[in-house]
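Participant: From first to last, the protein sequence lines stand for chains A, B, C, D and E. Each residue of the first sequence is one higher than the one before, counting from 385 in our numbering. Each residue of the second sequence is one higher than the one before, counting from 385 in our numbering. Each residue of the third sequence is one higher than the one before, counting from 385 in our numbering. Each residue of the fourth sequence is one higher than the one before, counting from 385 in our numbering. Each residue of the fifth sequence is one higher than the one before, counting from 385 in our numbering.
Since the hints were derived computationally from the structure, they do not count as laboratory data. Hints may be right or wrong, so weigh each one.
In this list, chains with the same sequence are indistinguishable; a pair is considered to hold if it fits within one copy or across any two.
[To be verified] The list that follows gives simulated cross-link-like pairs (lysine to aspartate or glutamate, EDC-like), each with its CA atoms no further than 16 Å apart:
1) Lys596 to Glu526
2) Lys493 to Glu513
3) Lys619 to Glu465
4) Lys442 to Glu526
5) Lys438 to Glu637
6) Lys438 to Asp386
7) Lys524 to Glu600
8) Lys442 to Glu637
9) Lys482 to Glu468
10) Lys438 to Glu600
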Amino acid sequence: MDIASLVGMLAGMGIIFHALATGAAPLISFYNLPSLEIVVGGTLAATLLSFPLKEVYKVASVALIIFKKGGMDTLGPFVNEAVELSRVARLGVTELEKEKENISNHFLKDGVQMIIDGYNELEIREIMEARIENREIREKWEENVLRTMAKFAPGFGMMGTLIGLIGMLVGMGASADPSKTIGPNMAVALVTTFYGVLLANLFFNPMAEKFKSRIEQQTVMQNMLIEGVSMLYQKKHPLVVREKLNSFLPPSEWERDGDGGEEK
Amino acid sequence: MDIASLVGMLAGMGIIFHALATGAAPLISFYNLPSLEIVVGGTLAATLLSFPLKEVYKVASVALIIFKKGGMDTLGPFVNEAVELSRVARLGVTELEKEKENISNHFLKDGVQMIIDGYNELEIREIMEARIENREIREKWEENVLRTMAKFAPGFGMMGTLIGLIGMLVGMGASADPSKTIGPNMAVALVTTFYGVLLANLFFNPMAEKFKSRIEQQTVMQNMLIEGVSMLYQKKHPLVVREKLNSFLPPSEWERDGDGGEEK
Amino acid sequence: MDIASLVGMLAGMGIIFHALATGAAPLISFYNLPSLEIVVGGTLAATLLSFPLKEVYKVASVALIIFKKGGMDTLGPFVNEAVELSRVARLGVTELEKEKENISNHFLKDGVQMIIDGYNELEIREIMEARIENREIREKWEENVLRTMAKFAPGFGMMGTLIGLIGMLVGMGASADPSKTIGPNMAVALVTTFYGVLLANLFFNPMAEKFKSRIEQQTVMQNMLIEGVSMLYQKKHPLVVREKLNSFLPPSEWERDGDGGEEK
Amino acid sequence: MDIASLVGMLAGMGIIFHALATGAAPLISFYNLPSLEIVVGGTLAATLLSFPLKEVYKVASVALIIFKKGGMDTLGPFVNEAVELSRVARLGVTELEKEKENISNHFLKDGVQMIIDGYNELEIREIMEARIENREIREKWEENVLRTMAKFAPGFGMMGTLIGLIGMLVGMGASADPSKTIGPNMAVALVTTFYGVLLANLFFNPMAEKFKSRIEQQTVMQNMLIEGVSMLYQKKHPLVVREKLNSFLPPSEWERDGDGGEEK
Amino acid sequence: MDIASLVGMLAGMGIIFHALATGAAPLISFYNLPSLEIVVGGTLAATLLSFPLKEVYKVASVALIIFKKGGMDTLGPFVNEAVELSRVARLGVTELEKEKENISNHFLKDGVQMIIDGYNELEIREIMEARIENREIREKWEENVLRTMAKFAPGFGMMGTLIGLIGMLVGMGASADPSKTIGPNMAVALVTTFYGVLLANLFFNPMAEKFKSRIEQQTVMQNMLIEGVSMLYQKKHPLVVREKLNSFLPPSEWERDGDGGEEK
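Bound conformation, chain A alone (with noise of 0.2 Å):
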């Protein structure tokens, strides 16, 4: 569980609606029908037109995800099983492979089978950038999804708010006080504009920051493997493919092990 997001999403609702709720109008003056459908079922129906269907579809599981799991909190414990793999891989590729399995991440397990399946390291590295290459690709489309939504929504509420303004001004010239109306008219006008800003402040682009973190965070972890394999099929110390993954980490997080650092 993502403790931020959820802590983020119940206080910004949490404000808004004690806002609306201890403000001059009545709350029920912020609920509008019609303003909803534009803003939202607008939203979606450009979103649909702009993407592919399928790329629609992950955004929105992929809103869920962002929910459920947290970020990573630090590339310490990766760095940890890569030195340890490094000890392991110096005893040769038999060995290797019954450590394998005990490797959780997908990414650095399927570099270390490369090296049991005997690619050599050009090879590997090639194809382990490629798929780094190829995740950002996909993963960037649905950031650009979340980021299109969030200017699509001040659009449609936009939209919606001028069509209550003409819809309040054709009316003026034939109401008798129009200074009566005038008001309440345009307050249902700009509650879709309220709506639009709303939308893209507290749900899309937060949610395509959030989404955009992970994907930088994936990139710097998974450039940090590629590194670490390239060093386990050389057989390198651990010590050194300690110095080499810490370049990865802020110094404060830099561990050194018990005979620390000094020697190599």
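For chain A, the structure is supplied; the task is to place chains B, C, D and E on it using the hints.
Facilitator: Using the frame of chain A, we list chains B, C, D and E on its own:
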């Protein structure tokens, strides 16, 4: 038929029409021929000014294609086709030439043809990469036409609204009771803004996005086919071909042959 | 003569003029000399401040060229010319020198001259690539001038409107019946915004876009000619030259020689 | 203590406070708790939703560091330190190890340590470059948090204003004399926009800019230190070290040793 | 003296002053000290917060330099100087050392000095390229300061307007006849927006643009000089030097020596 686009288009137009029809103003208030002239005519005129005539033609035909042909759902079949070809390629160029006729994708077919014609691997890669690059340049011009139209439409919408507003304000001084006429006149002025925002959000921007996805999907696919042709040239084992090309797919779509990828 | 630009310009101005003439306000309301001074004068002044004098001169002349000369419709003739030259180049440098005089494109001619002058392939590529790069840098400065003008124009339009608005508001307190004068005064203020948006959308932005297309078309063409000259140097077979240069064209424009590209 | 930041912060708040205090409205009108809740609370909530909790924590601590520690004024002392070390390095690794303890910069110290530990030049460069790259990736995440907050703040400011406006407009129909209440209500609504713009312009954007400068300054310095360590490894003459490292400084800050750089 | 900048500045200020003086409001209405305080003071405060003190100082001095020194009109003289030097370089290092004193450009002089000092070609290129890169990094920081100021100015303009508006709206409820005071008060509020837009469009943005042109012109020139120094090192024939360096000039400025470039 690209169902998502069709559904999106119908849903989007339905939602807007529904909002207009159920709003406070009679539906006819949203129809204003001069507004339409300014937004559609002005956008087209500015587009003709901005781009070579040929690019503008192409965009019109491209818009139709987007609705007719669906996007690629997966690269899986192309991986399978390349794996099949790699079995044939190991039998020699004569066998490959016979198989060539069954290849449906032109880009792959041209690559195989170059193997048969005796080009070396580097030449084939260079020619195929130049083709991808130049296709991207050409298609991004067309995406750019759509993006620019999406910027012109609200610009001309604003211009129309300014023309309407100025007309109304000039008339205000002459009118005995301006409050009777100000409403309906301003409504007409805002209709032009509405048209501009509608065109940008429900037509030009979604079309530009969809076009962009297709350009990128094509590039990923063709980059994969370059790797494939390169391995055909090297007569690599089908299992290696599949392992490498799998990198272009999300892990969930990886297929493995019966003998499982464990041996090479 | 670039027909699209001419049609676009006439259509755009016609549409705006038609809208002004048939609108509620008399046509003369849209003519306001002080507004014109602020928008046109201010934009020019800010442009002089922003760029070296020489760049500003160049942009003025470039604007005329855009209307005089049409864009390239296709690269096909250049491919044909390169293929012809490749037949001659195989006969030796003396033949190539004779043929040189018939080359109309200066960039290609300089390349062929360098072959005749005895530069080696790498030197020729380097010099030709440096020319493309430096031409792009120079021309992008001019595109940038137009883009910046497209940003200044609405900025000064807004400034003019603020000046008008402030004048009107200051006067309001003094007037006996402000509602009579507020309309016409505000109309005058908005005319300046209208000028700024019009200049940006119907002049500066389209011109910047057209200029950008031409820069990119030139670059694609010159990159193609570098490949061509490189193959002339290597005395490649005309069929190979055509195959490689075709990569710069959309497949629909590929020509093949009578003997069909099947042999090499 | 970073004096510029402190002066800027005090001056900025002083100017705004002065403007509020001397304006037409009593100072208390600019204090509105619900507005503050929406802007500050909403921005924080959206930030929590957008980023991993850890990044948000870091940003808070980073904000303090910016005020505590001043930026680097010049790279000159680092050049001098590297030149000094180059004299020692020529005497051998043993001497270098003794000198190591006096190096205050951690990045330089780690580099010297790797020379002592016997890594070769290429390994040292790769490790040090990986450290720069990964530090930049991590720190740009934090800059991005601040930039995103600078975008959320006015967004929530606008939302608060919309809530206030809608409340006011709904109330207008019910009020006997709306013109008495419309002013003060709208004032309250606009206070929220004011808060949002203030937070973005006087807090989040300046902090993001300052953070960005520091990231880039660090990178220039560390790139210079890589060159330095590389030349220590090669035991280059101190004069050559100075000549090369001077390239990272503006010419006005170049120091030359007594013997003047004329000889090498 | 940079005439374009001076003319632009005088013309821009003249146009705005003329518009203010001939407008409906007395000229004094556009002078408002508190507005000036908020926009100028606020922008400076935010700038101090955003950047190291040293960068802010530099920008102030840079602004003066822009007006004092004109831009480069052409690279032609530098090409001629390099061609002259290439004649001398063929005579040997001793001759080159004598000629060195006549070189006015410091960057070129340092390059020639490094040839004399016996650095090899690769070292010279690396050092000179590092100098270009680091000069660009430093100067882009200063461009960035100006760009950021151009964004802060309208931000503080808007803040000032909000402060004024709120003051006015709060006062409205208390006033007997608000319609008398609303105009002049709102005028004062809008003056702040006017100041912000004016500063951005007539000062900060043009200065940032001009600064950017100069950075890019310098880079093109220095890149050309690297090629020149590289060919001095190789003792290339003056004709070859001219042919290669011409690539940095537009074809219309190419000079050819008397013997015409036809032979090499």
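Participant: When the structure is checked against the list of hints, which entries are broken? Sort them ascending.
Facilitator: Violated hints: none at all, because every hint is consistent with the structure.
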